[in-house]
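Novice: If you want the building blocks of each chain, they are given just below.
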Amino acid sequence: MSGGGPPRKRNFKIEAFKHRVELDPKYAERTWKVLEHAIHEIYNHNASGLSFEELYRSHYVLNLLLHKLVKEGFLLSAYNMVLHKYGEKLYDGLQNTMTWRLKEISKSIEAAQGGLFLEELNAKWMDHNKALQMIRDILMYMDRTYVPTSHRTPVHELGLNLWRDHIIHSPMIHSRLLDTLLDLIHRERMGEVINRGLMRSITKMLMDLGPAVYQDDFEKPFLEVSASFYSGESQGYIECCDCGNYLKKAERRLNEEMERVSHYLDAGSEAKITSVVEKEMIANHMHRLVHMENSGLVNMLIDDKYEDLGRMYALFRRVPDGLSTLRDVMTSYLRETGKQLVTDPERLKDPVEFVQCLLNEKDKHDKIISVAFGNDKTFQNALNSSFEYFINLNNRSPEFISLYVDDKLRKGLKGATEEDVEVILDKVMMLFRYLQEKDVFEKYYKQHLAKRLLSGKTVSDDAERSMIVKLKTECGYQFTSKLEGMFTDMKTSQDTMQDFYAKKADELGDGPTLDVHILTTGSWPTQPSPPCNLPPEILTVCEKFRAYYLGTHSGRRLTWQTNMGTADIKATFGKGQKHELNVSTYQMCVLMLFNSADGLTYKEIEQATEIPASDLKRCLQSLACVKGKNVLRKEPMSKDISEDDTFYFNDKFTSKLVKVKIGTVVAQKESEPEKQETRQRVEEDRKPQIEAAIVRIMKSRRVLDHNSIVSEVTKQLQARFLPNPVVIKKRIESLIEREFLERDKVDRKLYRYLA
Amino acid sequence: MACGGRVRFNVGGQVFETTTTTLANAGRDSMLGALLDSSWNLPSSSSPPPPPPQGGGVPEYFIDRNPSCFAVLLDLLRTGSLHVPPHLPEKLLYREALYYGLLDHVRAARWGAFDGDRLRLAASVPGRAPGDGTAIRAAPDGGCCVAHGGAVHVYNWMLDERRPVSLDHSQVNDAAYLDASTLLVAARERRHHHRGGADGDGGDGGGGMAAFSAVSGELLHRFRVAHAKQAKPFTAGALAFDGGGASVFASCKGRLNEHGVGVWDRATGEQADFFYEPPGCALGDADKLQWLDGASALMVASLFPRSDNCFIGLLDFRAKAVAWSWSDATAAASALGDDKRVLHAVAMEDGRSVCVINQYDDLGFLDLRKGGGTGGGVRWCSRSKLMSRKVLLPGEESCYPRLATHGGQLFSSMNDSVSVFSGPEFVLTSTLRRSHGGAICDFSIGGDRLFALHNEENVFDVWETPPPPII
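Read top to bottom, the protein sequences are chains P and U. Each residue of the first sequence is one higher than the one before, counting from 1 in the UniProt record's numbering. Each residue of the second sequence is one higher than the one before, counting from 1 in the UniProt record's numbering.
Isolated chain P (complex conformation) (with noise of 0.2 Å):
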């Protein structure tokens, strides 16, 4: 038993050999000594004498060694320190010797004078990146096996690092280099050429040594110079240039920044030298560019520049706050013109003038919009709710616009083409969105299509119709079916009375011809009146209408509207001229008096007519007191009608014309009273309206609030009209009246719906 020691101790001292036998620290030393070798001769540009395969092997054999002892690291004794010791020497001397050759190279760089010194830099960093490349090369193995394992840098990195601490960090480089790029940018500025590949190729070594080399050791400092050069140069730039020039020369700038970034810097510093340019040349600038005088935003707007403006919009678009600066100059500009405009009293003289002075500043500043301001959402609605802010500002816009309508579909249209239709209908419509009292435009429109089509003045059915169409797809079948309704009247008027002649051509014989138009009752914008005493010629020809009419339709009624009919009588004067003399059927009664009397006074011509006072007036003034159309003759001469006038057949009338149009003195613009009426109508006519809304309001929802009512009532209403808040609490207290709804009977604020 006591020589079971000694066999174990043996075995177990031969296991441990073969493991110490590879971790000669000499043949360390000696491997490090040729590698050291090899990488001076790169530096020193004579690799040419080594042989890349032998290099890798003996690297290999000396990391076996060092990537052994990082992964049985964690059984580190003693012994294994002092290996490890010799072990990283590999890394350590590689360190050391990339250390000192970069020192000497830095002496050399320092040498190089003036311009040369970008140069040599640039030759330099070439040089050591080949180098970098053949040493990684052969301590490639060493950068996949140790290197990790051991958190050390890689060699590629730790070349890169050690030229930044080395060359970019060093005293003597660092000022002068950055010194150097600005100053060498700074003349660029100021027109020089200067080498960009030389300045590309130095950039990229920074960013090459990481993106914080680039940005501390170069980016920042520039980007504080190239503040101050902008902040100074837009300073001599605002003092002496007009706001457009100013913007022009902005531009040129931020473009040549751009486009420096993209010769010889980072792409990452183009956001950071724009932002500078953008906010040392425009947004410290911003609001007295818009506002200059004689050459801002407004001026521009009123000469069209829109090359100046969409360089504006461009450029404030890129900075804080520049589109909202340009929208709310824009705005106020436009809503003070439009105030102008519209409680100008010489506009509102011609209608007609007055909506094509708003289409005009509409395309004006639509074209501006979509050629300047790259269509941008929030510019037009600037533009919309401008016009619609100053439009409602005068009460007459509904009746204009619809007179604007009324007159291009009355003659204007005349020789257009349909697309030119479309085209001025569309732009009356987008006028008629901006419209707060839709339903004051459509009781004016009522009137005047009804004047159209009674007069058989309208130019084309079709345009008419695609008036009402857009009118309906804008608000409603509900709101055009009137509308709807007098077309209809007018076809089934024109059957009807071809059907009369057809059936009663016999009956009738050679009296006057008879053209009848029924309307129905409700559809028109009709007064009731009573009817006038038509002549017996006529009369005749009536009642035998009358008689088919209710005979093919029975349970009707008839009411003849003598104020609205037209009539065409033919006339000798003295020297025997005949003519036609187109006239509305009171003047063909007032005329026809004449066919038995010369001369007729005023009381006499009423009575026998029974045409009202006021409309009596008016016809004789138009066949008595308008030159050149005065059939009759006035004692006394004057402009005006009274009670005591006389009136006699003028036979000494001449005319060129055969056809005579005796028109009716009418104001096209309603007159004062006349508006006083209308307004009340559509007052009257809005009462159900809101009755209606709070009653379907109230019904859904049984208990509201006085406010919450009115809010909502505006809310259902707006489409056609901003019904008053002192109206509706009317509505409300007739409803409250009629036991629609009650208050609640504890909180007076509450109403409440009663089923």
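Honestly, the hints are just simulated from the structure, not real lab data. Predicted model only: the values in this text are computed from it and were never measured. Errors might be hidden in some of the hints.
[Claimed, not checked] List of simulated lysine to aspartate or glutamate pairs, DMTMM-like, C-alpha gap at most 25 Å:
hint: 1; chain 1: P; residue 1: LYS124; chain 2: U; residue 2: ASP29
hint: 2; chain 1: P; residue 1: LYS130; chain 2: U; residue 2: ASP37
hint: 3; chain 1: P; residue 1: LYS33; chain 2: U; residue 2: ASP64
hint: 4; chain 1: U; residue 1: LYS91; chain 2: P; residue 2: GLU53
hint: 5; chain 1: P; residue 1: LYS427; chain 2: P; residue 2: GLU474
hint: 6; chain 1: P; residue 1: LYS204; chain 2: U; residue 2: ASP37
hint: 7; chain 1: P; residue 1: LYS204; chain 2: U; residue 2: ASP29
For chain P, the structure is supplied; the task is to place chain U on it using the hints.
Specialist: Frame of chain P, contents of chain U only:
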């Protein structure tokens, strides 16, 4: 290179001739690439070029290495496919590949792109650790790690074991590969161990969460949870990180208020946010976190048996709100006979639904586009009858099922096998089963491999797709 692009190598006495085009496949970042690079082959005035032209001016390089391995590697460069002769040990080949800098080429050719229906068992690696394994995680490069008690055993893609990782030897709850060389470990706080409290280490009682180097096993960073600006000890449960790679998430349970999901910046490792759990959402107990790229939200699932009721929610960190949630709290309470308990959940890759599984191995789907609610909402697929369930022998242990998705396929582990479901309707297309090793307690897919950890013998199986057939 000149000479018609031909190159001659003398490797350990055996001569190989090839073209520069073939060698270009090795890349500049390899030993062969460097060997042929022009900077090493400059014509010199002082000395003759290193490879003396022999026989028709073709340059010859001598490499003092194993010729038979070189033949295999040269063949790999020529054809892109790896063929290892049976007599050649794999480890030898790997060592040579490392020498030439071709190890990545070998790995890429070693197995094919992952396809759940073509998987073959590549290896079974026995573990030494006692007791049950907690989790297995696949590394992006084909390696894996196995969490086991207080340690995580790390394997490289060659399935060599590296240094194990441990976080103060606390019980490991979850592990995750941040990248091929960084491993996150979530561990239980050790309450009885008050070492840190005394030496002013912020009351650090061990455990919590940390990042390790998967290569060397070193601790790289310890993630902290601060409550009221004071670092608190905590237990980290499940781990996840977002697709963009900006944030790391972990479910946390502290001693007082620190219950919820912690968020750390991946670059700095500093705490970026903390989502405190709202009432009814047991976020701190979550055992599955998953980032949903499309929804920019984090799926959190707290499941049986860690919590009594299953809760699945989507957290929106920008809105700081639970964007969607589902719970079986009421279903469990109501005695409707529906005793299906959700045991695992995974968000589908399209981000529109969550797949869940119950104790009968039924798959169910929750639609994320509809409101979650409680109880109902799960569209169960009654396909358990399709399964040829292995009848458990008495005494044999079963494991909770697990789910995973990859490349449009759905995977679920049930006892000793993994089922693969494919197509829009997720029909069963393959079953992976090994006859011994016991039930599968966890599996993971990554680096084009599937790792399945078996419960009984502590063995993990590696499944991989063979390279595509020649024709």
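Novice: Decide, hint by hint, whether the structure agrees.
Specialist: Each hint, compared with the structure:
1. P/LYS124 / U/ASP29: Distance ~24 Å between P/LYS124 and U/ASP29 Cα, so the pair holds.
2. P/LYS130 / U/ASP37: Holds. P/LYS130 to U/ASP37 sits at ~12 Å (cutoff 25 Å).
3. P/LYS33 / U/ASP64: holds (21 Å)
4. U/LYS91 / P/GLU53: This hinted pair holds, its Cα atoms lying about 23 Å apart.
5. P/LYS427 / P/GLU474: At roughly 13 Å apart (the allowed maximum being 25 Å), P/GLU474 and P/LYS427 satisfy the hint.
6. P/LYS204 / U/ASP37: With a Cα-Cα distance of about 24 Å, the restraint between P/LYS204 and U/ASP37 holds, given a limit of 25 Å.
7. P/LYS204 / U/ASP29: Answer holds: P/LYS204 to U/ASP29 is near 22 Å, not above 25 Å.
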